[in-house]
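Participant: Residues per chain, in single letters:
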Amino acid sequence: MSVSRRRATPSTGADDALESSYRRLLRLYPTRWRRHREEEVLAVLLQTAAPDQARATPAESRDLLLAAGREHGRAGQRTARNAPGRTSALVVLIGGTGYLLATASAPVQLQPVALPSELPAYSYVTQSVSASPPGPAVAAYRQGNGAELADFPQAVVVGAGGAVRRLDLAEDRDEAMQGSPGSFLLSPDGSHVASGRYDLGGQADIAVQDLRTGETSATASLGYPSVAPVAWSPDGSSVLASLGALPWLAPEDQPVQVPPARLVLVGLDGGLLPLPLGVSAQVGQVAWAPDGRSLVVQGAERELFVVDTVTGAPRTLGVRADLAGAQPWSPDGALLATSGACSSEGRVGSSTYDVVVVPVAPTGSAAVASTCIPSGVESQLVGWAGPRMLVLNTSSEDDDGAERQSLVAIDLDDGSRTELTAIPTSSGNYRVGDVQVPPAALSGSLDERATPPAVWDRGPLARWPGLVLVAGAVGVLVAVTAAVGRRIGSRLDDRSGTAGGPKAE
Amino acid sequence: MSRSGLQEPSFLVLTALAQGPLHGYAILKDVESTSGGSVRLGVGTLYGALERLAERHLVEIASEEVVDSRLRRTYRLTEDGAALLAAEAQRRHEQSSAALSRLARSPRLGWQS
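Chains as they are written, first to last, in this note's numbering: chain Y, 636 to 1140; chain C, 182 to 294.
One chain only, chain C, in its complex shape (with noise of 0.2 Å):
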C-alpha cells in the first residue's frame, strides 16, 4: 500500500472523528450508524487502525480518564489527519462520479440516474 493510501478501517475511524473527539467504543459506534450498521470493526481491527493513525500524527490523544475505574482515552484529528481525510473523501467521490456517469451512458446495464 503507498504511504498515502488509507485502509478502509482507517477512512471510517478518521470519518467518525470528523465530527469530534470521541473514545474507542464511541467511534465503533458511529462506524455503525453512519454506515447503515452494514460495516461492523472489530475492536482489535479499531485499534491496529488507531495505532497506524497516530504513528503516521493523523490522530492524537485528545484526553485521558478514568470512568468506573477503568481507563478511558478519547481521539481526535489531527490538522494532518484532516488534510488527508478531505483529500481521500474528494477521491473516492471523484471515482464514485467517475463510476456513476459511465454507468448512466449505458442503458444496457439498467442503471439510469
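Next up, chain Y with everything else stripped away, as it sits in the complex (with noise of 0.2 Å):
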C-alpha cells in the first residue's frame, strides 16, 4: 500500500530529522488523504527544503496546517454526503451536549421591574417551576390553548431574570378541565403563584408554590367542587380564594351538593386565617387597595363597596358591576376598573367586555365621571402602568403581518397607546390569556422595556431534548459499531489480496 522509505542515496541525519518533522505535519490530514498523498508530498515537500534544513519552517508548517483544516472541512463534507445517518446522529450528539452545557446553570434571580419588550412564545421544551425555579416573575400566562393537532395547553412564567418556566404547580391541577392547566394567580411581588383546582367530588384545595425555590404547599380539602385564587394581599403574605359550584354547570347538575359560595383567606403555609375586618364570607369579587389597607367588595347585587379594614366600615361607590380583572385599582387608588359596556358591541347576551373605570372618591368630595375604554371581547384588563393608564391584552400583529397578543398602556386622558410587550402566537395557534404582570412592572415598562434574550432559558433539559439526545447517542454507537465491523472486514480483504508498489489510481 505505501511507498518504500528508503533512500536511494545514503541518508543523513539531517535528512531524516527533516523527513520525520514534514511527517509529523502531514499527520493532520485526513486519513483517506494521507493513504493517497502523504509519500507524494512529502516528496515535494522534501524537493522544495532548502539543502541544508533540519526541520519543517514556520511558513511551510502553517501553509500545512490551513490546508489539513481544509481537507478535513472537505471531507466533512464528503462524509455527511455518503452517511447522512451517521453525520446528523453526531450533530444532534453535539448539538444535545451543547444545550445541555450551556442550559445547565441555574437562571439568575431578579426583581421583576420592567418587562421585556417581547415575551416567550410557545414551546414544548420548556423546563418545570418544580425542576428549575425560575426566581420573581415578570409575567405568567397561559398559551397553547386551540393548537391544531398538538393541544398541550401550558401555564408558563417568566423570571425577571429571563427564565422562562412551565407553571407544573397549575398544569398538574388541570383535573376536570380537559387539559387546560388550573386557574393561577401571580403575587404582587412575583415570588408566588397560587393555584386553584376543580374538583367533581368536592375536594379541591389550594396550592402556593414559591418560584424562587420551587417548594409548594397546600391547604387541606376545602369541601367545595371549585376553588380559586381571587387577590393576594398588596404584601404577598396571604391570598384571598372563593369556593363555590364547578362554574361551568347550573346549581341542580352539580354533582356533589355544593354549600353556599364563600371567601377564605390562605397563608403562605397553606393554614387558614381569618378574614380581614370588615370582609363577609358571603361577597362576591373581592380586591385589595394598593394601600393594604382597604379592599373592594362585591355584594349583594354586585354592588360595589369599599371596606376599610381596620374600622371595618363599608362605603357603597353606588355602582353595580363586575371587577375588570385581578388589578382593578389605579396605583394611587384613586381609580377601580370595572366591566361594562361602551356600546352593544362590548356586550354579549347580559356580559359586558368593555372597561369602565369609576372613581373611588372620598366621602364628601366632589363626584368625577367614570371613563368607558372599549375593549371588547377580545381583550382584557391587566393592570395599571400608571395613575392614569390602563393596560389591556389584546390581539395584535406585528410589522410582518404575523399574530401575537400584545400589552398595550392606554392613556384614560388622551387615549393614546403605547405597546409594553408582545407575545408570538403563531398564527393564532397558540393562543394566550390569562396575563399576569406585577404591578412594579407594569408601571417600569412605561418608560424602559428590556431587551429580550436572543434564546429564552427554558430550563435545564426539558423531556424532549433528553429524548433526542439519547437518540443521537444511539444513532452514533450505532454507526460507530458498523464502521468497526467494516474496517476489520476490509482488512481481512487486504490480507488475502496482493502487496506492494504503489497503489495505480
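Hints should not be assumed to be uniformly reliable.
Residues from chain C that face chain Y, not an exhaustive set, calculated with beta carbons under 7 Å [claimed, not checked]: (1) P202; (2) Y206; (3) G223; (4) G225; (5) Y228; (6) R251; (7) L252; (8) R283.
Honestly, the hints are just simulated from the structure, not real lab data. Glycine included, every Cβ here is placed at the ideal spot set by N, Cα and C.
Assembling the complex is the task here: the two chains are given apart, and the hints tell you how they should meet.
Facilitator: Next up, the structure:
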C-alpha cells in the first residue's frame, strides 16, 4: 500500500529529522487524503527544502496546517453526503450536549421591575418550575390552547432574570379542565403563585408555590368542587380564595351537594387565616387596594363597596358591576376598573366586555364622571401602568403581519396607546390568555423595556431534548459499530489481496 | 465562490499546466518563474488546489512513477480545464483592458499608456 521509505542515496541525520518533521505535519491530514497523497507531497516538500534544512519552516508549517484544515472540512462534507445518518446523529449528539451544558446553570433571579419588549412564544421543550425555579416572575400566562393537532395548553412563568418555566403546579391541577392548566394567580411581587382546582368530588384545595425555590404548600380539602385564588394581599403574605360550585354547571347539575359560595384567606404555609375586618365570607368579587388597608368587595346584587379593614366600615360606590381583572385598582387608589359596555359591541348576552373606570372618591368630595374604554370581547384588563394608564391584553399584528398578543397601555386622558410587550402566537394557533404581571413591572415598562434574550432559557434538558440526545447517542453507537465492522472486513480483504508497489489510480 | 470561478492558486496551477504535463515540484517552480518570483505557493496550498481541480475534472494524473524511491505524479490539463483556463484568462484580460483604458483617460491619476 505504501511506497518504500528507504532512500536510494545514503541518508544523513538532518534528512531523517526533516522527513519526520514533515511527516508530523502530514499526520494532521485526514486518513483518506494521507493514503492517497502523503508520499507524493512528502517528496515535493523534500525537493523544495533548502540543502541544510533540518525541519519544517514556520511558513511551511502554517501552509500545511491550513491546508490540512481545509481537507478536513472537505472530508466532513463528503461524510455528510455519503453517510447522512451518521453525520446527523453526530450533529444531534454534539448539539444536544452543547444545549445541556449551556442551560445547566441555575437561572439568574432578579426582582421584576420592567417587562422585556417581547415575551416567549409557545415551546414544547420548556422545563418546569419545580425542576428549575425561575425566581420572581415578571409575567405569567396561559398559552397553547387551540394549537391544531398538538393541543397541549401550558401555564408559563417568565422569571425577571430571563428564565421561562412551565407552571407545573397549575398544569398538574387540570382535572375536569380537559388538559387546560388549573387557575393561577401571581403574587404582587412575583415571588409566589397560588393555584386552585376543580374537583368533581367536591374536595378541591389551593396550593402556593415559591418561584424562587420551587417549594409548594397546599391547604387540606376545602370541601368544595371549585377553589380559585382571587386576590393576593399587597404584602404577598396571604391570598383570598373563592370557594363554590363548578362554574360551567347549573346549580341543579352539580355532581355533589355544594354549600353556599364563600371566601377564605390562605397563608403561605397553606393554613387558613381569619378574613380581614369588615369582609364577609359571602361576598362575590374582591380586590385589595394598593394601600393594603382597604378592599373593594362585591355585595348583594353586584353592588360595589370599599371596606376599611382597620375600622371595618363599608362605603358604597353606588355602582353595580363586576371588577375588571385581578388588578382593578389604579396605583394611587383613586380609580377602579370595572366591566361594562361602551356600546352594543361590548355586550354579549348579559355579559359586558369593555372597561369602565369609576372614581373611588373619598366621602364628601365632588363626584368625577366614569370613563369607558372600548376593549371588546378579545381584550382583558391586565392592570395599571400609571395613575391614569390602563394596560389591556389584546391581539395585534407585528410589522410583518404575524399575529401576536400585546400588552398595550392606554392613556385615559388622550386615549393614546403604547405597546409594552408582545407574545408571538404563531398565526393565532397558540392562543394566549390570563396574562398576569406584577404592578411594579407594569409601571416600570412605561419608561423602559428590557431587551429580550436572543434565546430564552427554558431550563436544563427538558424531556424532549433529553430523548433526542439519547437517540443521537444510540445513532452514533450504531454507526461506529458498523464502521468498525467494515474496517475489520476490509482488512481481511487486504490480506488476501496482492501486496506491494504504489497503488495505481 | 461561484462554481465556475477560479481561486488564484488554481488559476496559477492551470497556467503552469498549459505548457504540458508537470509534476508537483515543477508546477511550484513554474508558478514562481512566470510570476517573476513574486508568487511562491506553499506545498499544502498547491495540493489543495490540485485536489479541487481534480475533483472538478479540470486536471488529471498523466503518469505515476517512482524516482529515487519516492512517488512522483505528473498532472496535465483536461479539455475542460483548458477551456476554463481560456475563459478565465479572457475575463481577466478584459478586466485589465478596461482598467487600463479608464486610467488612460484620467491623466490626473498619473497614468499614461
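Participant: R283/C was flagged as interface toward chain Y. Is the shortest Cβ-Cβ separation under 7 Å?
Facilitator: Constraint on R283/C not satisfied, violated at 36 Å.
Participant: Return the status of the interface hint for Y228/C: holds when the least beta-carbon distance to chain Y is below 7 Å, violated otherwise.
Facilitator: holds, 5 Å
Participant: Quick check on P202/C please, does its C-beta sit within 7 Å of some C-beta on chain Y?
Facilitator: violated, 15 Å
Participant: Tell me if L252/C is really an interface residue toward chain Y, meaning its C-beta lies closer than 7 Å to one of theirs.
Facilitator: With a closest approach of 4 Å, the L252/C hint holds.
Participant: Given G225/C as an interface hint, is its Cβ closer than 7 Å to any Cβ of chain Y?
Facilitator: holds, 3 Å
Participant: Double-check G223/C for me: the hint is only fine if its C-beta lies closer than 7 Å to a C-beta in chain Y.
Facilitator: At 3 Å from the nearest chain Y Cβ, G223/C passes the 7 Å test, so the hint holds.
Participant: Just to be careful: measuring from the Cβ of Y206/C to every Cβ in chain Y, is the smallest value less than 7 Å?
Facilitator: Y206/C check passes; min Cβ-Cβ to chain Y is 4 Å, inside 7 Å.
Participant: Closer than 7 Å between Cβ atoms is the bar; does R251/C clear it against chain Y? Give me holds or violated.
Facilitator: Given a least distance of 4 Å, the restraint on R251/C holds.
Going down the numbered hints, you'll see the structure goes against 1, 8, while the others check out.
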